[in-house]
Amino acid sequence: MSELDLPHALDVARRAVAAAARVSLPYFERGVTVETKSDDSPVTAADRAAEAAILTLIRAEFPAHAILAEETGAHAGSARTRWIVDPLDGTRGFARGGTFWGPLVALEHEGQVVAGAFALPALGKHYWGARGLGAYRDGTRLAVSRIAAWKDATLSLGELRRMLALPEGPAVAALITSSASTRSFGDPAAPALVLDGRAECWLEAGVQTWDLAPFAVLLEEAGGRFSAWDGTRSIETGAAVGSNGLLHAHVLAALRAR
Numbered sequence: 001m002s003e004l005d006l007p008h009a010l011d012v013a014r015r016a017v018a019a020a021a022r023v024s025l026p027y028f029e030r031g032v033t034v035e036t037k038s039d040d041s042p043v044t045a046a047d048r049a050a051e052a053a054i055l056t057l058i059r060a061e062f063p064a065h066a067i068l069a070e071e072t073g074a075h076a077g078s079a080r081t082r083w084i085v086d087p088l089d090g091t092r093g094f095a096r097g098g099t100f101w102g103p104l105v106a107l108e109h110e111g112q113v114v115a116g117a118f119a120l121p122a123l124g125k126h127y128w129g130a131r132g133l134g135a136y137r138d139g140t141r142l143a144v145s146r147i148a149a150w151k152d153a154t155l156s157l158g159e160l161r162r163m164l165a166l167p168e169g170p171a172v173a174a175l176i177t178s179s180a181s182t183r184s185f186g187d188p189a190a191p192a193l194v195l196d197g198r199a200e201c202w203l204e205a206g207v208q209t210w211d212l213a214p215f216a217v218l219l220e221e222a223g224g225r226f227s228a229w230d231g232t233r234s235i236e237t238g239a240a241v242g243s244n245g246l247l248h249a250h251v252l253a254a255l256r257a258r
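Here the sequence shown is numbered in my numbering, starting from 1 and rising by one per residue.
Worth flagging that the hints you see were computed from the coordinates, not collected in a lab.
Certain hints may be false.
[To be verified] Under the rule of at most 20 Å between Cα atoms (straight-line distance), these lysine to any residue pairs were calculated in the SDA-like manner:
id: 1; residue 1: K125; residue 2: R141
id: 2; residue 1: K37; residue 2: G206
id: 3; residue 1: K151; residue 2: G245
id: 4; residue 1: K125; residue 2: E29
id: 5; residue 1: K125; residue 2: F28
Given the sequences, and given the hints that come with them, work out the whole structure.
Here is the structure:
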């Protein structure tokens with residue numbers, strides 16, 4: 001963690017998502033026009049305004065750091081330290097008046113995500129955390145649940161349609177039917193259920209690095225575990241398992257047994 005003031009970086013991440021939340025809420029309240037990007041994903045003026053707010057703050061505090069942002073791509077900087085930004089995760093739901101959307105910000109240093117923050121602006125919730133500093137929701141320290149049996153577990157899902165279309169789709173279906181209950185809020189609300197201790201596992205797939213990055217540190221600092229579906233700690237595969245730790249091996253084994 002050489003040459004990095006982690007408490008300061010965490011404060012910047014926290015303030016960045018708060019700034020993005022402030023910028024995006026007026027668009028949410030009055031409605032926006034949805035455009036379609038070249039990859040067929042939606043984008044709005046709120047996405048662009050939120051990203052500008054985040055990048056302005058990061059550049060002012062850490063001008064030498066690299067940045068990877070959903071709307072403006074890669075920004076050159078230190079090869080050791082990179083900010084990863086999704087200014088408005090859940091644009092489709094945002095544009096339709098849903099509440100499970102928000103900005104995501106993470107800091108990767110020497111190949112490891114060391115700080116992260118996100119918000120659910122329509123619900124008035126903000127989450128942040130960093131390696132060795134804990135994870136918090138609006139100042140309250142987070143702790144994952146201690147449920148240790150899958151038959152008693154709640155499973156929180158991201159985009160179910162994408163997951164069921166994968167080779168692991170039957171394994172995902174089996175995890176759904178063998179759990180006590182399943183929620184499919186998606187977007188940042190899905191991992192938030194695990195962070196809040198209201199679900200034991202979160203599954204996501206078919207997404208981008210910026211959709212996953214902050215949860216790699218937040219889940220672990222809340223006492224849980226984060227991995228890709230292959231069991232590595234990579235945030236680059238587009239697929240993630242986030243759990244209370246006690247059920248992580250069970251879920252990975254189920255996915256591998258497809």
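Status of each hint after checking the structure:
1. Among the hinted pairs, K125 with R141 is consistent with the structure: their alpha-carbon atoms are about 13 Å apart, no more than 20 Å.
2. A hinted pair counts as satisfied when its Cα atoms are at most 20 Å apart, and K37 with G206 qualifies at roughly 17 Å.
3. A hinted pair counts as satisfied when its Cα atoms are at most 20 Å apart, and K151 with G245 qualifies at roughly 16 Å.
4. With a CA separation close to 17 Å, the supplied pair K125 and E29 stays within the 20 Å bound.
5. For the hint linking K125 to F28, the alpha-carbon distance of about 16 Å falls within 20 Å, and the restraint holds.
Comparing the model with each numbered hint stated earlier shows that all of them hold.
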